[in-house]
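Number of protein chains: 2
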Amino acid sequence: MTSTSGTAPSSVKLLGQEEAIEIDKELFSEYQFSVDQLMELAGLSCAQVIERVYPVEQLPNKGAVLVVCGPGNNGGDGLVCARHLSMFGYYPSVFYPKRSSSELMKRLVTQTEALDIPYLSYLPDAQQISHSFGLIVDAIFGFSFKPPIREPFDDVLHKLQQVKSPVACIDIPSGWDVETGPPKSGAAVIPDCLISLTAPKKCAVHFRGRHHFLGGRFIPSTLAQKYELNLPDFPGSD
Amino acid sequence: MTSTSGTAPSSVKLLGQEEAIEIDKELFSEYQFSVDQLMELAGLSCAQVIERVYPVEQLPNKGAVLVVCGPGNNGGDGLVCARHLSMFGYYPSVFYPKRSSSELMKRLVTQTEALDIPYLSYLPDAQQISHSFGLIVDAIFGFSFKPPIREPFDDVLHKLQQVKSPVACIDIPSGWDVETGPPKSGAAVIPDCLISLTAPKKCAVHFRGRHHFLGGRFIPSTLAQKYELNLPDFPGSD
Numbered sequence: 001m002t003s004t005s006g007t008a009p010s011s012v013k014l015l016g017q018e019e020a021i022e023i024d025k026e027l028f029s030e031y032q033f034s035v036d037q038l039m040e041l042a043g044l045s046c047a048q049v050i051e052r053v054y055p056v057e058q059l060p061n062k063g064a065v066l067v068v069c070g071p072g073n074n075g076g077d078g079l080v081c082a083r084h085l086s087m088f089g090y091y092p093s094v095f096y097p098k099r100s101s102s103e104l105m106k107r108l109v110t111q112t113e114a115l116d117i118p119y120l121s122y123l124p125d126a127q128q129i130s131h132s133f134g135l136i137v138d139a140i141f142g143f144s145f146k147p148p149i150r151e152p153f154d155d156v157l158h159k160l161q162q163v164k165s166p167v168a169c170i171d172i173p174s175g176w177d178v179e180t181g182p183p184k185s186g187a188a189v190i191p192d193c194l195i196s197l198t199a200p201k202k203c204a205v206h207f208r209g210r211h212h213f214l215g216g217r218f219i220p221s222t223l224a225q226k227y228e229l230n231l232p233d234f235p236g237s238d
Numbered sequence: 001m002t003s004t005s006g007t008a009p010s011s012v013k014l015l016g017q018e019e020a021i022e023i024d025k026e027l028f029s030e031y032q033f034s035v036d037q038l039m040e041l042a043g044l045s046c047a048q049v050i051e052r053v054y055p056v057e058q059l060p061n062k063g064a065v066l067v068v069c070g071p072g073n074n075g076g077d078g079l080v081c082a083r084h085l086s087m088f089g090y091y092p093s094v095f096y097p098k099r100s101s102s103e104l105m106k107r108l109v110t111q112t113e114a115l116d117i118p119y120l121s122y123l124p125d126a127q128q129i130s131h132s133f134g135l136i137v138d139a140i141f142g143f144s145f146k147p148p149i150r151e152p153f154d155d156v157l158h159k160l161q162q163v164k165s166p167v168a169c170i171d172i173p174s175g176w177d178v179e180t181g182p183p184k185s186g187a188a189v190i191p192d193c194l195i196s197l198t199a200p201k202k203c204a205v206h207f208r209g210r211h212h213f214l215g216g217r218f219i220p221s222t223l224a225q226k227y228e229l230n231l232p233d234f235p236g237s238d
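Sequence lines, in order, name chains A and B. Just so we're aligned, residue 1 is where the first sequence starts under UniProt numbering, counting upward by one. Just so we're aligned, residue 1 is where the second sequence starts under UniProt numbering, counting upward by one.
Quick caveat, the hints were computed from the structure, so don't treat them as lab data. A couple of the hints might just be wrong.
Claimed, not checked - With a straight-line Cα cutoff of 25 Å, these simulated DSS-like cross-link-like pairs (lysine-lysine) come out:
| no. | chain 1 | residue 1 | chain 2 | residue 2 |
| --- | --- | --- | --- | --- |
| 1 | B | LYS146 | B | LYS62 |
| 2 | A | LYS98 | A | LYS159 |
| 3 | A | LYS106 | B | LYS25 |
| 4 | B | LYS98 | B | LYS146 |
| 5 | A | LYS159 | A | LYS184 |
| 6 | B | LYS106 | A | LYS226 |
| 7 | A | LYS62 | A | LYS164 |
| 8 | B | LYS106 | A | LYS25 |
| 9 | A | LYS25 | A | LYS226 |
| 10 | A | LYS13 | A | LYS202 |
| 11 | B | LYS98 | B | LYS159 |
| 12 | B | LYS226 | A | LYS106 |
Said to hold, decoys possible - Here chain B is said to cover these stretches of chain A; the calculated rule only asks that three of the stretch's residues, wherever they fall, bring their Cβ under 8 Å from a Cβ of chain B:
| no. | region |
| --- | --- |
| 13 | 109-117 |
| 14 | 151-161 |
| 15 | 220-228 |
Ideal Cβ positions, reconstructed from N, Cα and C, are used throughout, including at glycine.
Take these sequences, add in the hints, and give me the full structure.
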């Protein structure tokens with residue numbers, strides 16, 4: 001992962017939604033990655049970013065973290081992230097209100113349950129969340145999200161918008177348009193940390209939080225060249 | 001990963017072959033990990049160990065590394081390791097003489113080919129290997145290996161035993177018995193670095209190389225307790 005200190009560096013290409021979807025397809029078809037593999041690497045890179053930006057000993061409540069997961073692959077990244085955070089000594093709890101019927105997502109839940117990671121049956125109000133969790137991980141919507149926001153996530157975003165704890169967003173701040181950024185009306189999270197996967201999306205120019213990272217180092221250079229991603233050199237094994 | 005400086009610490013349990021096979025089965029059945037996931041984490045941890053022990057700028061030939069892969073899961077860990085080494089700036093080449101027909105292994109090959117990682121059509125002699133590659137990664141046999149060693153690996157081990165470049169072994173030094181260690185007769189690699197996955201196997205007490213790491217941090221604590229693995233605390237996200 002590479003710190004890009006606040007905003008994405010101007011040299012890195014910002015992806016539109018269609019282009020992000022195309023690259024994703026190509027990773028599965030041409031390069032034959034499995035969703036298992038890429039989700040594992042994505043979720044692990046998010047946990048590693050969190051470990052660097054919000055060290056467990058600096059979080060209140062012994063590293064209690066709330067991971068909010070959507071029904072799609074972004075939610076899967078969140079489940080993998082929660083598992084690795086637990087291995088790193090954090091105490092993640094998960095809120096995952098719309099369960100996917102995919103076998104992979106079910107297995108990811110089983111893996112977190114094996115680590116005694118609790119699932120919340122409902123989302124408390126913003127004050128209670130801020131009191132209980134020193135960090136929120138937003139794994140609700142990813143680069144393929146298209147409005148409108150359906151229930152229960154309208155209510156979820158409304159609550160998360162008011163929390164005082166920092167919010168770390170996986171790939172896209174939920175509620176944002178992938179290209180145009182924060183909504184003119186309606187709720188959205190306010191990101192303190194944005195972990196762009198593969199490459200930042202166009203909405204990243206609107207990011208005003210403190211930490212912007214590029215996670216998930218699995219793009220073959222031929223693919224980076226084809227889409228002119230102009231990715232930064234990753235130092236060492238980061 | 002945790003450095004255990006030379007030999008495995010006496011407090012960490014050393015696994016016998018049957019126990020290692022049982023834990024492996026349980027990770028897939030009870031905890032519903034996929035081979036894709038665990039192989040990705042295992043191979044990545046090996047690449048991270050190598051990046052720490054043999055930094056690319058300290059290797060001759062611009063970081064040319066030879067990864068020798070067997071037909072089973074140990075070979076798969078090697079293919080994943082090669083891919084991540086390439087992303088870290090090394091120049092891995094692969095020797096993988098007995099190709100597995102499994103879909104996963106085929107996909108792993110495709111992923112390395114997408115990174116322009118070359119495959120050797122035959123294994124040169126020891127002098128040529130030592131001249132061309134500053135490091136050998138031994139991903140031939142893992143914890144489920146049972147003798148006898150079949151061709152072409154008898155010849156492969158004979159050559160690797162004579163190389164002057166350091167050898168980093170994934171899980172088990174190939175040619176060793178999982179429990180009793182180096183063979184009384186017959187060829188085996190001479191490990192400089194041993195990366196034990198999950199937990200060290202009994203043969204690790206015979207390890208006389210410089211670096212012993214524990215890689216692949218994916219054991220739920222309930223499983224570690226059940227098998228009394230007594231794993232060390234991993235510092236941070238290592």
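Evaluated hints:
no., hint, in the structure
1, LYS146/B x LYS62/B, "36 Å, violated"
2, LYS98/A x LYS159/A, "17 Å, holds"
3, LYS106/A x LYS25/B, "19 Å, holds"
4, LYS98/B x LYS146/B, "17 Å, holds"
5, LYS159/A x LYS184/A, "18 Å, holds"
6, LYS106/B x LYS226/A, "24 Å, holds"
7, LYS62/A x LYS164/A, "17 Å, holds"
8, LYS106/B x LYS25/A, "19 Å, holds"
9, LYS25/A x LYS226/A, "14 Å, holds"
10, LYS13/A x LYS202/A, "9 Å, holds"
11, LYS98/B x LYS159/B, "17 Å, holds"
12, LYS226/B x LYS106/A, "24 Å, holds"
13, 109-117, "holds (count 5)"
14, 151-161, "violated (count 0)"
15, 220-228, "holds (count 4)"
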